[in-house]
Amino acid sequence: MRTRLFSALACALASLAACDDDGGGKDQPDAGVDAPVTPRCFEGTPTTHLQLMNACVTAEVEKIDKRPVLPLLNSDGTLPIIP
Amino acid sequence: MQQGERMRPLLLLSALGLVAIAAAPSLAAPCEDAPGTTKVYMQVGDTQEPLIKALGRALRDNTPNPITLVYITSGSCTNIDAISKDTPITANMGYIPSTAEDPAWTPAMPPIACTPVGGKVPDIANSNVFVSACNLTLPASIVELHGPVQAYVLAVPEANTTDRAITFEEAYFVFGFGTAGGIQPWVDEAQLFIRTVTKSTLLSWAFNISVPAAKWKGTRLDKSSEVVTGLGSSLSPAKALGILGVEVYDANRNKLNSLAFRARGQQYAYFPDSTATSTDKKNVRDGHYTVWSPTIYMAKGTAGAVTNPAAAYVINLIAGKTALPAPAFNPVSLIVGAGIIPDCAMRVTRDQEGGDLRPYAPAESCTCSYEKLATNVTSCQTCTTTCATGTCRGGFCEER
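Protein chains in written order, with the working numbering: chain A, 74 to 156; chain B, 438 to 837.
The set of hints was computed from the structure by calculation and includes no laboratory data.
A virtual CB, placed ideally from N, CA and C, is assigned to each residue, including glycine.
Do not rely on the hints blindly, as some may be mistaken.
As the list claims (entries may be wrong) - Here's a subset of chain A near chain B, in silico, CB distances under 10 Å, partners left out:
1) C114
2) G117
3) T120
4) Q124
5) M126
6) N127
7) V130
8) E135
9) S148
10) L152
11) P156
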């Protein structure tokens, strides 16, 4: 579980919005027996930047899942240099 | 002409809200003639003006150690440069009347204008971004102390109830590419209300979205109030987007909405507060909302100690350090009231502008007091002297 969590977070950091959400997260429906179960928040005591930003929150905290369309994103998922 | 006669027209105009600090220099009396024997001259960012006004009033009325704050607002980088080079202030400044002088004055009103005759080098300068964010370094003769945390938001007109969040990548394209970025609905560069390159609001956002300050697309404005006006009066509210200090946004929630922000590498977008309508700054304090900077206060000194005792007293009050004689007011209450977050309520910190967060444990926690002051609610246990766990401070069982 922990390995998959770090993998998901590292993916998010490395390729920004290009990471596909592999679903089946803690707050998402089960995608099937063989689907990886990857929590989309960090459940332990956060100690790093990524863990702090992605630490699980209580139900009282509003979190918004946004997957925007980015027309100028490079084909490899990286951001183009600002002109 | 006696001082009282010189001041009378100013007081009248001030009461009518018609005097800006830097306006009408011919009417302003010398700052040296302002009431009070101990004066501290400050050059601060405009996001800190609410705190300086509230603190100025409290210090004027502070019987144990009365101090008159005389201040002017300017950009963070300009302020750092000014105190580093002993650049005198020549524009009109302002000071706060004591309760005895003007019982009706509130921080919503302008200060009383005065002229720093011959120019006045500030005793204290303030920046709301790290000094390094301005590509400056302080000389050895200047002491730097960190004060409360200042958060920044992206805001839209209240009429826009469709857009509730923005991601790091969207903000990168909106402000870095403008119309060409194609991020709907923020494709009209005339509707992007930003700040000039020396302002902390722009600099902090610049580091957090990796768009260099000089390359931002949008309408550059000198004052936060101009951003509020631009957003509030926009004829294309669905396309309007602006940057503000969170305390400025909080004071204008009736006409603006803030956007939740998803930082680089973050899974969800979060508001500075628990929700769009709450006021607890919980997500700033625990690391879920990343766009913030410590406020930096600078003064002449050596080995971390400020030379001017009155300036040291003021900075210690702002930074949450022991200030003697003990003031006759609660400085944490003033900080919370000004919409910024005392260091003692933070659980994360960082070492550079927009840099990685790391856990933080202040020596003397004030989370319970902060939540009570900011929201009027806290789940903390109350106490009078001792607690089963933690430390009894300010009437609450604090963590430490």
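Check: Hint numbers the structure violates, sorted upward?
Finding: 2 and 9
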